[in-house]
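Each chain is listed here by its residues.
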Amino acid sequence: MNEAHFQRRKRISRLMFALTSLCAAVSLSVLFVILGYIAYHGLSTLNLDFFTKLPKPVGETGGGIANSILGSAKLVGLAGLLGIPIGVLGGVYIAEYGDNKLGFLIRYAADVLNGVPSIVIGVFAYTLIVLPMKRFSALSGSAGLAIIMIPIVLRNTEEFIRLVPHSIREAALALGVPQWKVVLRVVLPTAGPGIITGSLLALSRIAGETAPLIFTAFGNRFWDKGWMNPMASLPHTIYTYAIAPYEDWHRQAWAAALVLMLFVLLVNVGARALLRTSSGEAH
Amino acid sequence: MAWQLAASSKLAWKEFGPAFLWTSVWDPVEEKFGALPFIYGTLMSSAIALAVAVPLGVGSAIFLAELAPRKVSNACTFMIELLAAVPSVILGLLGIFVLVPAVRAVEPWLTSTLGWLPLFQGEPYGVGLLTAGLILAFMILPYITVITREVLLAVPRPLKEAMMALGATHWETVWNVSLPYARPGIYGSIFLSLGRALGETMAVTMVIGNTPKISLSLLDPSYSMASVVANELAEAVGDLHLQALIAIGLTLFVITIIINGLARLLIYKTVGPRAKA
Chain A
1 MNEAHFQRRK RISRLMFALT SLCAAVSLSV LFVILGYIAY HGLSTLNLDF
51 FTKLPKPVGE TGGGIANSIL GSAKLVGLAG LLGIPIGVLG GVYIAEYGDN
101 KLGFLIRYAA DVLNGVPSIV IGVFAYTLIV LPMKRFSALS GSAGLAIIMI
151 PIVLRNTEEF IRLVPHSIRE AALALGVPQW KVVLRVVLPT AGPGIITGSL
201 LALSRIAGET APLIFTAFGN RFWDKGWMNP MASLPHTIYT YAIAPYEDWH
251 RQAWAAALVL MLFVLLVNVG ARALLRTSSG EAH
Chain B
1001 MAWQLAASSK LAWKEFGPAF LWTSVWDPVE EKFGALPFIY GTLMSSAIAL
1051 AVAVPLGVGS AIFLAELAPR KVSNACTFMI ELLAAVPSVI LGLLGIFVLV
1101 PAVRAVEPWL TSTLGWLPLF QGEPYGVGLL TAGLILAFMI LPYITVITRE
1151 VLLAVPRPLK EAMMALGATH WETVWNVSLP YARPGIYGSI FLSLGRALGE
1201 TMAVTMVIGN TPKISLSLLD PSYSMASVVA NELAEAVGDL HLQALIAIGL
1251 TLFVITIIIN GLARLLIYKT VGPRAKA
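Those sequence lines, one after another, are chains A and B.
FYI, the numbering for the first sequence is 1 to 283, going by this note's numbering.
FYI, the numbering for the second sequence is 1001 to 1277, going by this note's numbering.
Worth flagging that the hints you see were computed from the coordinates, not collected in a lab.
It should be emphasised that the depicted structure is a prediction, and the values quoted were computed from it without experimental measurement.
Using N, Cα and C, we set each Cβ at its ideal position, and we do this for glycine too.
Be careful, since some hints might not be right.
What the hints assert, rightly or not - Which residues of chain A face chain B? A partial, calculated answer using Cβ under 7 Å:
no.: 1; residue: K10
no.: 2; residue: S21
no.: 3; residue: A24
no.: 4; residue: S27
no.: 5; residue: Y40
no.: 6; residue: L43
no.: 7; residue: D111
no.: 8; residue: V112
no.: 9; residue: P165
no.: 10; residue: V177
no.: 11; residue: G208
no.: 12; residue: P235
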């Protein structure tokens, strides 16, 4: 235990922490490289036409992806209508009445389902809806997306309901309010901002999902013809454009990626800001 | 859900039996199907991803949990979580136009310096296992970092203080106390991201090269389970082809269920069942 030995240990300590800082710097720079690159390539193609026009036939430059933007909005909207109520109600159930075997089972199942690859969920939606109906449809796409978002919303709802202070709950119960009314009028409004945030984040997650849409909503180069027909969506358009050999399509893919990325970022940042302002002391 | 997938693929199972899983022929024209090339491609690309992302992720997590001031740490974690929110198709787009040319530029050098390893022989296509693995690494990096940071922060303070009081350096404390304590959680995060990597479709499909063959070289194009389903399901001809693809989906489902099940148990063990991931 002499001085030199001690110095060496200190040097190792410093060296290793320098390495970990480097790791963190690399991890962070990945995000900025991605954002910068997309912005750089996407901005040059963005114009009003891009948001309002249909795609042009191959070979002609110009045109837009209005149908994909609308399609994405519709698909995600319907998925939200299906998925959010189920997720929120399930979350309320396991938070309020779930301190038993069944609750644990649901929680565990939701976590595992959360890890199931989206493509497998797409295959599931395919066998469930596309095969019996013998056609690709927007409906099946939305169903797949809804299945993806349910476990996310469910776990998130549970989390925020558990953060509601016991004292508030007990105060209501002490006034003779029945349990269901406590949940509806006291617990849910208190946990509300958190639940909304979680649902928004889940929406932004499924807005970027491509895999389950390839063989359910399928994509479409024109305005869609209703829920029973193929529908275009932003991520799917990016995918087809990116792997196509046309220069102009590549540029449009970058622009579409920029639009999608901005949406996802805005929702993420916005949702967190909302949470911070409404809950006061945020984590 | 498992039942539905199994029912929809029973024709393929009946035709090929369990040998489906270790046959390496994939020929839609002759209607002969075996899943081995895809299983191999999936496992290899995920292995590369883990090899890159685990040291990077754990390192970042140590920095965030131990070294960075709380405010910086929170801000950085937020940004890393944003990275997790980047849609995979966008990562794939960057993969095609940025990573593939980059890998193509590096590959001849790899072949010439490390060519004595069978891993690095072959033509520099740019697309292939290596590129797919790198893309996956960026994808799972946030999960590993964020969860590892969480479990490192859960290490009880007195343990660390005791170690410090005995004269250990900061790093020795991290290495001998924090990391062993957090180990189950870190393993959990690795399993969890392995589950993600195995099932990741878009980014991989766009850069892996989509060639159903088994090759030892990391530079050769390959194929993964998720990609073959994505590429062929929409235009599968013939019931057998379709069912073979669904059977692959089922296999992937079972694998990820097992891995995620393990991961969750490990994470529950360190931070309790209410931790979010």
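Against the structure, the hints:
1. K10: At about 6 Å, which falls below the 7 Å cut-off, the nearest Cβ of chain B leaves the hint on A/K10 intact, so it holds.
2. S21: At 5 Å from the nearest chain B Cβ, A/S21 passes the 7 Å test, so the hint holds.
3. A24: Status holds, d = 4 Å.
4. S27: The hint holds - A/S27 has a Cβ within 7 Å of chain B, the shortest such distance being about 5 Å.
5. Y40: violated (11 Å)
6. L43: violated (15 Å)
7. D111: Nearest chain B Cβ about 5 Å off; hint holds.
8. V112: holds (5 Å)
9. P165: violated (16 Å)
10. V177: violated (26 Å)
11. G208: holds (2 Å)
12. P235: It holds, given that the least Cβ distance between A/P235 and chain B is near 5 Å, below 7 Å.
Checked against the numbered hints given earlier, the structure breaks hints 5, 6, 9 and 10 and satisfies all the rest.
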